[in-house]
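Trainee: For chain A, the structure is supplied; the task is to place chain B on it using the hints.
Going down the list, the sequences are from chains A and B.
Here our numbering is used: the first residue of the first sequence is 1, the next is one more, and so on.
Here our numbering is used: the first residue of the second sequence is 1001, the next is one more, and so on.
FYI, nobody ran anything at the bench for these hints, they're computed from the structure.
Keep in mind the model is a prediction, meaning the values are calculated, not measured.
Some clues are possibly wrong.
Unchecked claim - Beta-carbon label-pair distances, calculated as ranges:
| hint | chain 1 | residue 1 | chain 2 | residue 2 | range |
| --- | --- | --- | --- | --- | --- |
| 1 | B | L1083 | A | K58 | 40 to 48 Å |
| 2 | A | H7 | B | R1015 | 34 to 42 Å |
| 3 | B | E1054 | A | N3 | 21 to 29 Å |
| 4 | A | G16 | B | P1061 | 45 to 53 Å |
| 5 | B | L1039 | A | S26 | 20 to 28 Å |
| 6 | B | S1007 | A | S52 | 35 to 43 Å |
| 7 | B | F1060 | A | S18 | 36 to 44 Å |
| 8 | A | P104 | B | Q1018 | 25 to 33 Å |
What the hints assert, rightly or not - The calculated lysine-lysine pairs, modelled on DSS-like cross-linking and capped at a C-alpha distance of 30 Å, are:
| hint | chain 1 | residue 1 | chain 2 | residue 2 |
| --- | --- | --- | --- | --- |
| 9 | A | K94 | A | K22 |
| 10 | A | K22 | A | K68 |
| 11 | A | K42 | B | K1013 |
| 12 | A | K37 | B | K1013 |
| 13 | A | K57 | A | K42 |
| 14 | A | K22 | A | K37 |
For glycine and all other residues, C-beta sits at the position ideal for the given N, C-alpha and C.
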Amino acid sequence: GENVEQHPSTLSVQEGDSAVIKCTYSDSASNYFPWYKQELGKGPQLIIDIRSNVGEKKDQRIAVTLNKTAKHFSLHITETQPEDSAVYFCAASKNYGQNFVFGPGTRLSVLP
Amino acid sequence: ETGVTQSPTHLIKTRGQQVTLRCSSQSGHNTVSWYQQALGQGPQFIFQYYREEENGRGNFPPRFSGLQFPNYSSELNVNALELDDSALYLCASSNGQEVYGYTFGSGTRLTVV
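Chain B on its own, in the form it takes in the complex:
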């Protein structure tokens, strides 16, 4: 089985620009969550999608938005980038059953200059 893959691995953007990050869930997983991990800190929950619907959101502004597609892949979009958005963005997928847990991708390192 394939794991969670994220693209791109690294990205540099200018303040004010928009960015789209992509995630392919592990095979059979219908739930995807996105996390932001600032340097030296634990991941912070952005939002979660289940069967193409957002079903949970953390304390992030509306300029952070997402999509989940019928094949359960997902996108994270960030508008009007700010310097503080520089972080590792992690995608995690699950099949919704406790025994398997969430599988994280390796993340996209976003740098805003």
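Looking at chain A on its own, in the form it has when it is part of the complex:
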């Protein structure tokens, strides 16, 4: 079955710097890759997603890139702010609407 790895497990950046989180997946049939942000005591919140027919997607300070050949995708956050501090999860799915396989998460701390 699908296996998603995520690195780093923890990341500390200074406010205003960029943060990059990387994920790899094992199943070449996966074609949908969402990123979720989870704050303490809350459920995961979708922040951006990308489909396999797209190489990059951007939404304001957040961007995701996908390399299908290498089977990895990355989350890029620019101009980080303290409110970006949270746990971030990547996930992969073979078909939108089917179960997601989540990575183990990255705890991002943005230091003021």
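Mentor: Here is chain B on its own, set in the frame of chain A:
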């Protein structure tokens, strides 16, 4: 529009007992998935319901069962609770269209003692 609501927020049960967790989907959503999130880990897929039928299941034993009702609300039932069942249980709903994505509830924290 309302989001996904789960109840209860916290629950303590004794090993061997049974538990029912509830989820109200976001308005207009006909698909609901349940996930188990152990402390410090990513969510793991339990199963998914679409229009009251189970249409996908993860690697969980049969003592994990579910229901989806005509109003698309859902229940997760766990029988013969084990200590390792202690986790945050998340419900996520979707209308099945790609553009909207899945909306997660805040979860039910289950502690088995």
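Trainee: Check whether the Cα positions of A/K94 and A/K22 lie no farther apart than 30 Å.
Mentor: holds, 19 Å
Trainee: Do the alpha carbons of A/K22 and A/K68 lie within 30 Å of each other, as the hint requires?
Mentor: holds, 14 Å
Trainee: Does the structure keep A/K42 and B/K1013 at a Cα separation of 30 Å or less?
Mentor: The given pair, whose Cα atoms are some 22 Å apart, holds under the 30 Å limit.
Trainee: Is it true that the C-beta distance of A/P104 to B/Q1018 lies inside 25 to 33 Å, as the hint says?
Mentor: holds, 30 Å
Trainee: Look at the Cβ atoms of B/S1007 and A/S52 and judge whether their distance stays inside 35 to 43 Å.
Mentor: holds, 37 Å
Trainee: For the pair B/L1039 and A/S26, does the Cβ-Cβ distance stay inside 20 to 28 Å?
Mentor: holds, 25 Å
Trainee: Just tell me: holds or violated, for the beta carbon distance of B/E1054 and A/N3 against 21 to 29 Å?
Mentor: Cβ of B/E1054 to Cβ of A/N3: about 24 Å, so the range 21 to 29 Å holds.
Trainee: Given the hint of 34 to 42 Å, is the C-beta distance from A/H7 to B/R1015 inside that range or not?
Mentor: Holds, at about 36 Å.
Trainee: When you check the alpha-carbon spacing of A/K22 and A/K37, does it fall within 30 Å?
Mentor: This hinted pair holds, its Cα atoms lying about 14 Å apart.
Trainee: Taking 36 to 44 Å as the stated bounds, is the beta-carbon spacing between B/F1060 and A/S18 within them?
Mentor: holds, 38 Å
Trainee: A/K57 and A/K42: Cα distance at most 30 Å?
Mentor: Holds - the C-alpha atoms of A/K42 and A/K57 are around 26 Å apart, at most 30 Å.
Trainee: Could you check the hint for me, namely that B/L1083 and A/K58 are 40 to 48 Å apart, CB to CB?
Mentor: Holds, since B/L1083 and A/K58 (Cβ atoms, about 44 Å apart) stay within the stated range.
Every hint from the earlier list agrees with this structure, and none is contradicted.
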